[in-house]
Amino acid sequence: MYFNSQGKAEVTYDAIVVGSGISGGWAAKELSQKGLKTLVLERGRRVRHGEYPTAGMDPWDYESGAGERVPQAEIDQHYAKQDRTGFAIKQSNKQWFVKDDEHPYTEVKRFDWIRGYHEGGRSLTWGRQSYRLSDLDFEANARDGIAVDWPIRYADLKPWYDYVETFAGVSGQAEGLAHLPDGNFLPPMEMNCVEKELKKGVAANFGGRLVTIGRTAHLTQPNPAIHGSRGKCQFRNRCVRGCPYGAYFSSNASTIPAAEASGNMTMRPHSVVHSIIFDKETGKAAGVRVIDGQTGEQHEFFARIVFLCASALGSTHILLNSQSEEHPDGLGNGSGQLGRNLMDHHFKVGANGVYDGFHDRYYKGRRPNGFYIPRFRNLGPDSNRKDFLRGYGYQGSASRDNWMRGVKEMEMTMGADFKDALVLPGAWRMGMTGFGECLPYEDNRVYLNQDVKDIHGLPTLTIDAEFKENEKAMRKDMAQSAAEMMEASGFKDVEMYDDVSFPGLGIHEMGTARMGRSAKTSVLNKWNQVWEAPNVFVTDGAAMTSAACQNPSLTYMALTARAADYAVKELNKMNL
Amino acid sequence: MKRREILRYTAYFTGYAVTAPLTSAILSGCKAEPAAPGYAPVFWSEEAFKNVSALVDVMLPATQTPGAKELGVPQFVDLVLQTYTEDKNQQKIRTGLTTWTGEMASQQGKPYHELDPGEQLRLLNELDAAARAQDEKLAGPELSADEKEALAPWWLLLKDLVIGGYFSTQKMGTEVLAYDPVPGVYEGCIPLAPGQANWSL
Chain A
1 MYFNSQGKAE VTYDAIVVGS GISGGWAAKE LSQKGLKTLV LERGRRVRHG
51 EYPTAGMDPW DYESGAGERV PQAEIDQHYA KQDRTGFAIK QSNKQWFVKD
101 DEHPYTEVKR FDWIRGYHEG GRSLTWGRQS YRLSDLDFEA NARDGIAVDW
151 PIRYADLKPW YDYVETFAGV SGQAEGLAHL PDGNFLPPME MNCVEKELKK
201 GVAANFGGRL VTIGRTAHLT QPNPAIHGSR GKCQFRNRCV RGCPYGAYFS
251 SNASTIPAAE ASGNMTMRPH SVVHSIIFDK ETGKAAGVRV IDGQTGEQHE
301 FFARIVFLCA SALGSTHILL NSQSEEHPDG LGNGSGQLGR NLMDHHFKVG
351 ANGVYDGFHD RYYKGRRPNG FYIPRFRNLG PDSNRKDFLR GYGYQGSASR
401 DNWMRGVKEM EMTMGADFKD ALVLPGAWRM GMTGFGECLP YEDNRVYLNQ
451 DVKDIHGLPT LTIDAEFKEN EKAMRKDMAQ SAAEMMEASG FKDVEMYDDV
501 SFPGLGIHEM GTARMGRSAK TSVLNKWNQV WEAPNVFVTD GAAMTSAACQ
551 NPSLTYMALT ARAADYAVKE LNKMNL
Chain B
577 MKRREILRYT AYFTGYAVTA PLTSAILSGC KAEPAAPGYA PVFWSEEAFK
627 NVSALVDVML PATQTPGAKE LGVPQFVDLV LQTYTEDKNQ QKIRTGLTTW
677 TGEMASQQGK PYHELDPGEQ LRLLNELDAA ARAQDEKLAG PELSADEKEA
727 LAPWWLLLKD LVIGGYFSTQ KMGTEVLAYD PVPGVYEGCI PLAPGQANWS
777 L
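Chain order of the listed sequences is A and B. Every letter in the first sequence is one number past the one before it in the working numbering, and letter 465, counting from 1, is 465. Throughout, the working numbering is defined as the position within the second sequence, counted from one, plus 576.
There could be a bad hint or two in this list.
[To be verified] Quick list of in silico lysine-lysine cross-link-like pairs, BS3-like style, CA-CA up to 30 Å:
id : chain 1 : residue 1 : chain 2 : residue 2
1  : B       : Lys-668   : A       : Lys-99
2  : A       : Lys-158   : A       : Lys-573
3  : B       : Lys-626   : A       : Lys-364
4  : B       : Lys-724   : A       : Lys-492
5  : B       : Lys-747   : A       : Lys-90
6  : A       : Lys-109   : B       : Lys-724
7  : A       : Lys-569   : A       : Lys-526
8  : B       : Lys-724   : A       : Lys-472
9  : B       : Lys-626   : A       : Lys-408
10 : B       : Lys-686   : A       : Lys-90
11 : B       : Lys-664   : A       : Lys-94
12 : B       : Lys-724   : A       : Lys-476
13 : A       : Lys-199   : A       : Lys-526
14 : A       : Lys-492   : B       : Lys-713
15 : A       : Lys-99    : B       : Lys-664
16 : B       : Lys-713   : A       : Lys-476
17 : B       : Lys-664   : A       : Lys-348
18 : A       : Lys-348   : A       : Lys-196
19 : B       : Lys-626   : B       : Lys-664
20 : B       : Lys-664   : A       : Lys-408
21 : B       : Lys-668   : A       : Lys-408
22 : B       : Lys-713   : A       : Lys-472
23 : B       : Lys-747   : A       : Lys-109
[To be verified] Taking CB as the label site, the calculated pair distances span:
id : chain 1 : residue 1 : chain 2 : residue 2 : range
24 : A       : Gly-357   : B       : Gln-683   : 37 to 47 Å
25 : A       : Arg-46    : B       : Gln-666   : 32 to 42 Å
26 : B       : Leu-768   : A       : Gly-228   : 32 to 42 Å
27 : B       : Gln-667   : A       : Glu-325   : 52 to 62 Å
28 : A       : Gly-7     : B       : Glu-725   : 53 to 63 Å
29 : B       : Gln-667   : A       : Asp-356   : 38 to 48 Å
30 : A       : Asp-443   : B       : Glu-679   : 51 to 61 Å
31 : A       : Asp-156   : B       : Pro-770   : 50 to 60 Å
32 : B       : Arg-698   : A       : Gly-207   : 53 to 63 Å
33 : A       : Arg-153   : B       : Gln-710   : 52 to 62 Å
34 : B       : Glu-723   : A       : Gln-480   : 14 to 24 Å
35 : A       : Phe-87    : B       : Lys-713   : 22 to 32 Å
36 : B       : Glu-646   : A       : Ala-204   : 45 to 55 Å
37 : B       : Lys-686   : A       : Lys-476   : 47 to 57 Å
Hints listed in this document are in silico derivations from the structure and should not be mistaken for laboratory results. It should be emphasised that the depicted structure is a prediction, and the values quoted were computed from it without experimental measurement. Glycine included, each C-beta is placed from N, C-alpha and C at the ideal position.
All chains, full assembly: derive it from the sequences and hints.
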């Protein structure tokens with residue numbers, strides 16, 4: 001492939017950031033605020049904060065007359081895989097998800113790869129749940145003799161969790177748990193009456209278990225000095241469409257405007273990174289090769305450091321495609337670990353039930369959050385299990401049934417009274433799902449597929465991953481424990497469920513370029529530097545050495561800010 | 577000004593809370609469009625559409641609030657089944673409805689839609705009871721969500737569309753149910769006023 005270079009000065013920056021999602025946004029902010037001329041390469045279109053066309057639309061506002069539904073023919077043609085989520089492909093938010101026919105991948109086993117190719121990436125559509133990892137997680141691989149040890153511990157990341165939480169704004173309740181450390185929280189959201197009953201029931205019947213409100217990246221009390229013009233959460237629960245108030249953390253509302261304000265950032269949309277240019281004289285990256293997504297033109301950009309923040313599989317794809325004489329199997333693949341140890345959280349297993357009480361109570365507002373039950377398995381001798389390693393947390397919520405209970409749940413014949421009854425709120429119902437840790441397995445992996453190309457002519461990925469025996473054993477406990485807690489707390493009609501979870505659908509792809517202590521067994525060192533090209537940093541989900549069971553985005557933010565700080569210090573010392 | 581333009585305006589230009597009462601007052605000016613007369617069905621045959629319209633009308637009739645038929649729910653169901661439904665469910669619902677109304681017609685000696693409304697409702701409630709009993713057998717952890725969906729009785733799929741369609745009309749959503757597009761707060765445990773309707777969103 002021939003790449004056309006412009007005058008080298010015009011295409012040379014201090015830093016290149018690939019991707020503008022959760023991690024890329026942070027890299028852009030940190031590097032540009034520290035004075036580096038920073039080029040952000042975003043493969044999709046620009047989305048400026050506020051450009052959320054469906055944010056205020058009600059179900060009856062859609063011209064089709066069919067609400068948020070998308071025609072089945074359009075789903076079949078463009079969104080067959082993205083639609084596996086059940087929530088992504090609606091008129092209100094399909095603009096934030098890729099067309100599968102333009103960006104194909106190959107599944108050896110079912111893998112739901114859910115993506116958004118536009119400025120802000122999946123920071124616009126993320127679940128916003130924000131939890132710290134702890135030494136229970138960072139020490140897990142070493143303790144269990146699995147995969148490789150994390151090269152960092154909680155103490156390494158703690159100041160960076162503090163730092164990113166403050167800027168992002170995370171609401172939550174401090175609980176003093178060693179294995180789920182508290183953060184710098186904004187005021188917590190409220191639990192409703194029935195959720196509080198569960199909290200009481202669990203506290204009374206299960207020593208060591210706790211129900212708390214979800215820790216979520218929403219401004220419940222904005223501080224203009226920190227959060228700028230971002231507003232307070234309005235409890236509309238239309239977050240996935242983009243929030244015109246900027247109340248939840250996204251790159252678009254938060255880090256990208258901060259980077260722009262530094263005067264040092266250039267955002268280049270429609271810039272699909274082909275590969276990293278490796279300079280064998282220096283043993284470092286010289287820059288990146290880019291295909292313009294609109295014109296097909298090929299460009300080269302140069303910089304002293306490169307931050308790969310293209311998502312776990314996106315960053316790994318670029319490294320695999322960065323083939324040179326020195327690195328025939330991809331840059332950073334000397335260990336053979338690049339593309340391996342793919343992880344995701346498994347979920348869609350738990351219980352639901354009805355609470356017979358609080359008939360005279362209701363709520364106001366659509367809280368974009370639920371309760372959280374932190375991990376309580378395998379914390380130590382009192383909670384260790386023989387049937388599986390690691391653990392899980394639960395997320396759930398309670399609400400009153402609405403008119404849809406008329407389909408199945410109501411013992412009433414149809415007609416006038418039925419119709420009028422459906423106008424009123426029904427019983428309180430609660431549901432919860434576990435989110436379980438998946439172990440890193442070498443044979444859960446991705447590799448380049450030269451036979452299938454995307455719309456830019458790039459090779460695509462083949463994904464070969466599955467949940468295995470440890471995850472399956474854990475799921476049995478996830479269903480049973482959920483039901484036990486609800487029954488002990490006075491819920492009726494408690495039903496366990498396991499709706500089967502395929503990797504990918506948690507949208508927490510992790511691993512494939514893991515951090516480690518040795519170049520022989522890992523792709524990245526403790527500062528997220530590629531062992532084989534130390535001026536290349538990978539700070540997204542690819543870096544994860546193990547998955548823990550917490551939602552991971554906050555950890556990517558902290559890793560990114562920490563790596564950016566280190567990179568700039570090393571640059572200043574002329575070490576990079 | 578259209579409601580969504582109002583919301584966009586306030587949201588984008590203030591960046592902060594629009595107080596809920598103000599918003600509701602502005603928004604209540606927008607009314608539902610009446611259903612077009614002389615509708616030609618696209619999914620159903622003319623005969624089947626008459627049957628669907630009849631069952632929708634007895635299932636959710638006009639009371640002190642409008643009925644589902646006058647809010648255009650039969651047309652909504654026809655549109656969604658034609659354009660927004662997977663093949664397998666299209667077939668299941670088409671075959672189910674046609675078979676059932678065929679049986680009712682031979683039993684009663686005239687088409688379902690020509691029966692007395694009381695009789696239409698009685699037959700529909702029998703169908704409903706049988707479908708729910710069948711569906712109850714699917715409950716429990718033995719079957720996955722996909723399997724449950726595949727085995728779900730056709731009537732409950734259609735019933736879901738009718739109820740969902742009715743309560744997401746603009747009329748119901750803004751005038752009968754409690755409409756609060758920008759709540760501004762979450763209060764998790766407040767007294768339920770007598771007659772308080774469900775939140776519409």
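Broken hints, by number: 3, 10, 13, 23
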